[in-house]
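A.B. asks: Sequence:
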Amino acid sequence: MRYKNLVSALLAGALTLLAQSELYASDSLKPHAVLVAGTLHYSPELTLPVFAEELERFGFRTTVVMGEGDPEKKTENVLPGIEALDDADIAIFFMRFLKLPDDEWAPIERYIKSGKPVIGLRTANHSFKYPKEHPRYEWNDGFGRRVLGTPYIVHQQGKTKISVVPQRAKHPIMTHVDPADWESLGTLYLTRLEPGCIPLVTGTGNGKMRLLERTFGTTYVNESEADIVLWAWENEWGAKVVGSTLGHPGDFGEESFTRMLVNGACWAVDKPLPSPDEKISTWNIKRADKK
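Numbering (this note's numbering), first residue to last: 24 to 314.
Warning: the hint list may mix true and false statements.
What the hints assert, rightly or not - Straight-line C-alpha distance at most 25 angstroms; calculated SDA-like pairs for lysine to any residue:
#	residue 1	residue 2
1	Lys139	Pro54
2	Lys139	Ser51
3	Lys53	Lys152
4	Lys152	Asp126
5	Lys182	Phe120
6	Lys263	His149
7	Lys309	Gly276
8	Lys263	Asn229
9	Lys97	Pro124
10	Lys53	Lys139
11	Lys136	Val87
12	Lys309	Val177
13	Lys263	Asp164
14	Lys139	Asp164
15	Lys302	Leu216
16	Lys53	Phe120
17	Lys122	Asp109
18	Lys184	Asn245
19	Lys294	Leu52
20	Lys182	Lys53
21	Lys139	His149
What the hints assert, rightly or not - Restraint-style ranges between C-beta atoms, simulated for each label pair:
#	residue 1	residue 2	range
22	Asp126	Lys184	36 to 46 angstroms
23	Tyr243	Gln190	19 to 29 angstroms
24	Lys96	Glu156	18 to 28 angstroms
Calculated from the structure, these hints are not laboratory results. Glycine included, C-beta positions come from ideal geometry on N, C-alpha and C.
Given these sequences and hints, build the entire structure.
C.D. replies: So, in structure tokens, the structure goes:
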């Protein structure tokens, strides 16, 4: 009897180990998405973790990188765990005005130059704010322009009316996206898209007429402006890019927006796109940085 019990116990243990090893192997085959929350502006510390869970539901492994406190006010230990990018298959950046130390910048530079896919949200086109004398000063505009497809220009005021570009409805990112217009609670960001960017979604917003002089040129802003708010691109390192100036927490309450993000992630890593019958999650999230 003792012998039978011992054999049974050993067999049960072996089966458990086998199941665990198969699960580990299965997980290791899933594309690894690293989501980087490098600002408190527009509350990505609230939106990126729930979106990471959504990606896991569609077959991704995920890591969310964020530090404590306001990353824009720090120059050390800004993004602990950023080395997760070395194992990433896709990176999702939501950062603003960072001054990273060398050891935290290095994994980002390695990832960028690897040619792996990138998604940039809202303020990601102005992720860095190094002083003029800093060797990475060029990346203040260069990250947006070279990695994502546009530098930061300026933003309008109030809400933004969102419309799908009809002639791009068959792009994979737009698969099963409701073509109806909707309203974003975020202000319209103006862009200066690089050649080759494919416009997928537009926005219209209002603001003050003004003349802007930037290092890359002069822009006259009209009271009412329309611009591209979501696009696809291939950057100079050959990376598939999904760039968007959307990303206000209210946008995560729109099924069209979250479907485009899920589609974009799947398209970027060559995963099958969600079917029209698969539910896409939305969330009612309020900005924590503004009461």
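A.B. asks: Work down the list of hints and note, for each, if the structure agrees.
C.D. replies: Hint check results:
Between Lys139 and Pro54 the alpha-carbon distance is near 12 angstroms, which keeps this suggested pair within the 25 angstroms criterion. Note on Lys139 and Ser51: the hinted pairing holds, with a Cα-Cα distance of about 17 angstroms set against a maximum of 25 angstroms. About 34 angstroms separates the Cα atoms of Lys53 and Lys152, which puts this hinted pair outside 25 angstroms; it is violated. Restraint check: the Cα-Cα separation between Lys152 and Asp126 comes to about 17 angstroms, which is no more than 25 angstroms; the hinted pair holds.
Pair hint Lys182 plus Phe120 holds up; C-alpha atoms about 23 angstroms apart against a cutoff of 25 angstroms. The suggested pairing of Lys263 with His149 holds, with an alpha-carbon distance near 19 angstroms, which does not exceed 25 angstroms. The straight-line distance between the Cα atoms of Lys309 and Gly276 is roughly 10 angstroms, inside the 25 angstroms bound, and the hint therefore holds. Between Lys263 and Asn229 the CA atoms are separated by roughly 31 angstroms; this puts the pair beyond 25 angstroms, and the hint is violated.
Simply put, Lys97 and Pro124 have alpha-carbon atoms about 10 angstroms apart, close enough for the 25 angstroms limit, and the pair holds. At roughly 15 angstroms between alpha-carbon atoms, Lys53 and Lys139 fall within 25 angstroms of each other, so this suggested pair holds. Between Lys136 and Val87, the direct Cα distance comes to roughly 21 angstroms. Compliance with the 25 angstroms bound is thereby established for this hinted pair. Restraint check: the Cα-Cα separation between Lys309 and Val177 comes to about 23 angstroms, which is no more than 25 angstroms; the hinted pair holds.
For a cut-off of 25 angstroms, the pair hint linking Lys263 to Asp164 stands: about 19 angstroms separates their Cα positions. Among the hinted pairs, Lys139 with Asp164 is consistent with the structure: their alpha-carbon atoms are about 20 angstroms apart, no more than 25 angstroms. Proximity of Lys302 to Leu216 is assessed by CA-CA distance (about 32 angstroms); at most 25 angstroms being required, the pair is judged violated. Only pairs whose Cα atoms come within 25 angstroms are accepted, and Lys53 paired with Phe120 is rejected, the gap being roughly 32 angstroms.
Pair hint Lys122 plus Asp109 holds up; C-alpha atoms about 20 angstroms apart against a cutoff of 25 angstroms. Our distance criterion of 25 angstroms between C-alpha atoms is met by Lys184 and Asn245, whose separation comes to about 16 angstroms. At most 25 angstroms may separate the alpha-carbon atoms for a hinted pair to count; Lys294 and Leu52 meet this at roughly 12 angstroms. For the given pair, Lys182 sits about 37 angstroms from Lys53 by alpha-carbon distance, which is inconsistent with the 25 angstroms threshold.
Only pairs whose Cα atoms come within 25 angstroms are accepted, and Lys139 paired with His149 is accepted, the gap being roughly 20 angstroms. For the pair Asp126 and Lys184, the supplied restraint of 36 to 46 angstroms holds, since their beta-carbon distance comes to about 43 angstroms. For Tyr243 paired with Gln190, a C-beta distance near 28 angstroms keeps the hint of 19 to 29 angstroms intact. The hint said 18 to 28 angstroms for the Cβ distance between Lys96 and Glu156, and at roughly 20 angstroms that hint holds.
Checked against the numbered hints given earlier, this structure breaks hints 3, 8, 15, 16, 20; the rest are met.
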